[in-house]
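Asks: Residue strings, one per chain:
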Amino acid sequence: EPEVTQTPSHQVTQMGQEVILRCVPISNHLYFYWYRQILGQKVEFLVSFYNNEISEKSEIFDDQFSVERPDGSNFTLKIRSTKLEDSAMYFCASSEGTGGQHFGDGTRLSIL
Amino acid sequence: LAKTTQPISMDSYEGQEVNITCSHNNIATNDYITWYQQFPSQGPRFIIQGYKTKVTNEVASLFIPADRKSSTLSLPRVSLSDTAVYYCLVGDQAGTALIFGKGTTLSVSS
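Protein sequence lines, in the order shown, are assigned to chains G and D. Taking our numbering, the leading residue of the first sequence gets 12, the next gets one more, and so forth. Taking our numbering, the leading residue of the second sequence gets -1, the next gets one more, and so forth.
Derived from the structure by calculation, the hints contain no laboratory data. Be careful, since some hints might not be right.
Said to hold, decoys possible - Using 25 Å as the maximum straight-line C-alpha spacing, the simulated SDA-like pairs for lysine to any residue come out as follows:
| # | chain 1 | residue 1 | chain 2 | residue 2 |
| --- | --- | --- | --- | --- |
| 1 | D | LYS50 | D | LYS67 |
| 2 | D | LYS100 | G | MET26 |
| 3 | D | LYS1 | G | SER121 |
| 4 | G | LYS53 | G | ILE71 |
| 5 | D | LYS50 | G | THR109 |
| 6 | D | LYS100 | G | GLU96 |
| 7 | D | LYS1 | G | LYS89 |
| 8 | G | LYS53 | D | SER39 |
| 9 | G | LYS53 | D | THR81 |
| 10 | D | LYS1 | G | SER69 |
| 11 | G | LYS89 | G | PHE72 |
| 12 | D | LYS100 | G | SER121 |
| 13 | G | LYS68 | D | THR81 |
| 14 | G | LYS53 | D | SER10 |
| 15 | D | LYS67 | G | GLY108 |
| 16 | G | LYS53 | D | ASP29 |
All values derive from a computational prediction rather than experimental measurement.
Bound conformation, chain D alone (with noise of 0.2 Å):
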């Protein structure tokens, strides 16, 4: 499985938009890039998944460069409710057990 690289920590204020990035520089041809967000005593939860380009859902968005060696997922007007770990994950789709970094803890204030 690709490694991925992504911040320990990031602050932002409530009504900003956060942007986080991942490098993963040996994403393989069948790799998906996937976001999670844990908050504290919960499991995973998923965000979003893309392959290429830029896919946008309800709560966030995922631009991924025409190379996939990196990845970034987009918090529009974060709230205080959005202060969680988020973790960059990349691998195949077909049942593929998820190897966990440390992921990245993102502190909002109001």
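Pulled out of the complex, with its shape left as it was, chain G reads as follows (with noise of 0.2 Å):
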């Protein structure tokens, strides 16, 4: 069965880094979405893409992050000037826009 997958597993990075997580989606799905979980805390939308732009994007998707798909695989987002509340597991999901969305099993980042 096709699935998402996302590298690295665990990245840890000094505090005021930047870093970049890399997701390769499933390959006829349409839409791409990044999340995030902070320990015992519950999954957060980040932001949406199709058709090579944003669609959607929550009030923690702020000028600190971007996504991008630089060819026809990959799908990243770039944390930039990395923070300690950043620290959160990340999860990548794609979608044919029916049938629900698809998850990788994540990159936990660690800020230190």
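Using the hints, build the complex out of the two chains.
Replies: This is the structure in structure tokens:
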């Protein structure tokens, strides 16, 4: 069964540094998403992406964040000038637009 | 997006059927009902989706009454590996953001 893959599985970064989280969505999917989950808390929506542009974003997704689909397969989340509170699991998801979203197993981001 | 309400936790034993009910009184005409499962340190996993009546797949059934103001996820003969958090979400399908609540933590014992 096709799946969403995310790399790296764990990223440790110094506060203030930039980090790029990578995702390979399911190949025939058209919609792409990033979510995050702080330890012990709910899964939170960050951004959705369709037709090479952001279609929806949450209040969390401020100027510190950006997304890109640099080629036909990858979908990236860039976090500039990381803060301690950015430490979380970051999940990528993709969908055809029907039938639910398919999630990767996440990148655990630890900011020191 | 319609708000959902589901029990915070449920306990069961191996081999039993588990039914988790979700309330969504303000569901809109275009909204679908989707259930996800999440294990610790993993991403949510799509279980089942429905619009009305009953939907069944290889892992679960979803029962939706005519008024669509609630839905019930049914897990037949649970095992220890079904211990997880289960989320009920309501929304339209076309690329909409998922708004997760706290879900229902299901604990299955032997």
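Asks: All hints are to be evaluated individually against the structure, with a verdict given for each.
Replies: Quick rundown of the hints versus the structure:
1. D:LYS50 x D:LYS67: holds, 10 Å
2. D:LYS100 x G:MET26: violated, 29 Å
3. D:LYS1 x G:SER121: violated, 32 Å
4. G:LYS53 x G:ILE71: Cα-Cα ~14 Å, so holds.
5. D:LYS50 x G:THR109: holds, 15 Å
6. D:LYS100 x G:GLU96: Holds, at about 20 Å.
7. D:LYS1 x G:LYS89: Between LYS1 (chain D) and LYS89 (chain G) the Cα gap is close to 31 Å, so the pair fails against 25 Å, i.e. violated.
8. G:LYS53 x D:SER39: At roughly 13 Å apart (the allowed maximum being 25 Å), SER39 (chain D) and LYS53 (chain G) satisfy the hint.
9. G:LYS53 x D:THR81: holds, 18 Å
10. D:LYS1 x G:SER69: Judged against 25 Å, a Cα distance of about 17 Å means the pair holds.
11. G:LYS89 x G:PHE72: holds, 11 Å
12. D:LYS100 x G:SER121: With Cα atoms ~23 Å apart, LYS100 (chain D) and SER121 (chain G) stay inside 25 Å; holds.
13. G:LYS68 x D:THR81: Violated. LYS68 (chain G) to THR81 (chain D) sits at ~32 Å, over the 25 Å cutoff.
14. G:LYS53 x D:SER10: holds, 23 Å
15. D:LYS67 x G:GLY108: Between LYS67 (chain D) and GLY108 (chain G) the Cα gap is close to 23 Å, so the pair holds against 25 Å.
16. G:LYS53 x D:ASP29: Holds. LYS53 (chain G) to ASP29 (chain D) sits at ~22 Å (cutoff 25 Å).
When held up to the earlier numbered hints, the structure conflicts with 2, 3, 7, 13 and fits the remainder.
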